[in-house]
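Q: As you go down the protein sequences, you meet chains A and B in turn.
Numbering follows the numbering used here, in which position 75 of the first sequence is assigned residue number 75; successive positions increment by one, without gaps.
Numbering follows the numbering used here, in which position 247 of the second sequence is assigned residue number 247; successive positions increment by one, without gaps.
Worth flagging that the hints you see were computed from the coordinates, not collected in a lab.
Watch out, some of these pointers could steer you wrong.
Dumping the calculated EDC-like pairs for lysine to aspartate or glutamate here, alpha-carbon to alpha-carbon at most 20 Å [stated by the list, open to error]: (1) Lys325(B) to Asp81(A); (2) Lys288(B) to Glu45(A); (3) Lys288(B) to Asp15(A); (4) Lys59(A) to Glu324(B); (5) Lys288(B) to Asp82(A).
These are the residues of each chain, in order.
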Amino acid sequence: MPRYFTEEHEWIDVDGDIATIGITDYAQAQLGDIVFVEVPAEGRELAKGDEAAVVESVKAASDVYAPVGGTVTEGNAALGDDPALVNTAAETDGWFFRLNIADDGELDGLMTEAQYKDFVATL
Amino acid sequence: MRYLPLTEADRSAMLDVIGAPSVDALFADVPAEHYLDAPMANLPPHASEMAVERHMRALSKKNLAAADAPFFLGAGAYRHHIPASVDHLIQRGEFLTAYTPYQPEIAQGTLQMLFEFQSQVARLFGCAVANASMYDGSTACWEAIAMAGRVTRRDKVLLSSGLHPHYVSTAQTMAKFTADEIEYTLPALTAETDFAALAEAVDGETGCVVVQYPDILGRIGDMSALAETCHAAGALLVAVVTEPVALGALKSPGEMGADIVVGEGQSIGVGLQFGGPYLGLFAVRDPKHVRQMPGRLCGETVDAEGKRGFVLTLSTREQHIRREKATSNICTNSGLCALAFSVHLTLLGEKGLRALAAENHRLACKAADRIAKVPGIEVLNTSFFNEFTITTPVESRQLVRDLADRGVLAGVSLGRLYPDGDGRQTGLVLAVTETVTEEDIEVLASTLQECLA
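In isolation and in its complexed conformation, chain A is listed as follows:
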């Protein structure tokens, strides 16, 4: 299952038409203790680059953008009760939402894990 990354520090796992999206471990470490996550509702149509979710830490509130366009199939309900899951498991159980990818072509410009590591090293 390929995993992609964005410069906005999101990761995307692609399984067939379905993309699972979260924020990277690097991002959670920068944000600090996460106290609230708002995930998109099922059925919401997102275009690439749309604001999809909000993540709030004790330091700041940030938007999470849709790295690819599509229809939201699920928001991670577990984050409602336990937003700190993003701190402890950013790239696994702390995923934000899943969507049905509208256009595979939009995955083309995204980074691989190695490219993202190099990108983070420059920050």
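Got chain A; can you put chain B on it based on the hints?
A: Just chain B now, kept in the frame of chain A:
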């Protein structure tokens, strides 16, 4: 150093940036007939301070002030007795000089006061959480509509015909700049509220329903069934309270299922003050809605040593952090009015508030019974707290003027509240608070009879 920093060059540079040809062009929205193109005619030459004071005092004597006459005006602003201790306490330097705390946690006293204010409002409204206050009742009402839109992601808004017309026009003005569709009809002069009709009108697209309690005609409706209908349709129920003293006698909107309860706090601790500054109250029943609330929110916590302390909390909703994505552009509160409200309510206590409410209602019943005996007058309400509507055989707007000429401030005419509303011109809304004496009621009734004779 020059006091005036702008040169002509500065001005034209700024005008160039925004693309306006002149400063006057910025005021293009002001109709031409309201421009002054010459000095005002008949403006007397300047006078000494003492002469101006004398002149102004003479002018002020032309007023018939609330405290100088039998006074029955309400309709959203109420005259209540404010104990002298309220003014004394709010004028203490520690309170009076403190504006919105920019380094909030250092101002523990201010935060504690806000926390206590919020606790009082939440309890009065039957809600879980109240904010640190807003500008006034009408803007709090709009903020509730906007919040309901964020929660439900729907933009259809049903306003009760019993909502104060000024609140309606605030909502209509704000909705010009949003996608909200507001449905509203003028009130009918009936004894019943329109809650049942509103419940019929709720559908799957309704974002919220806004009712007033007691409503503009003083009627009191049970909103429980309407709340259930709203919830079944995925809509929120917003309740507006313009006379919070009523909640010393009535079941709170939160207990009846209202999701957002807002109101005007003026009637507790804040005087009539020529219409402002007033005090917006805002509370939510369900804690899960807290993140969509507008305004400042004070929270209780413990410090590093485990001692009780206060913080401004959930600030990520607010403009200084979220910018254009904030829940509201209101990022301060009516601090001094909130303090006056809190001090007055603290002095009253629960028992005092109940007694005050009972006294208001007792006098209002007395007034309604007495006025109903005046030939031609009918009392519309079958339920009311301290305010009710009567119908008169003549246009009430003129009647109010005639009564004022005879030294009685007899209420707010529906002709004034609804200048274009057919069939309402005979209506008159009368408020009777503890400041009214039984003699005042007698004077009102006999003067009314005189004017109608």
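Q: All hints, please: hold or fail.
A: Hints versus structure:
1. Lys325(B) to Asp81(A): Cα-Cα ~23 Å, so violated.
2. Lys288(B) to Glu45(A): Given pair lysine 288(B), glutamate 45(A) is violated - Cα atoms ~25 Å apart, limit 20 Å.
3. Lys288(B) to Asp15(A): violated (33 Å)
4. Lys59(A) to Glu324(B): holds (18 Å)
5. Lys288(B) to Asp82(A): holds (14 Å)
In this structure, the earlier hints numbered 1, 2, 3 are contradicted, and the remaining ones agree with it.
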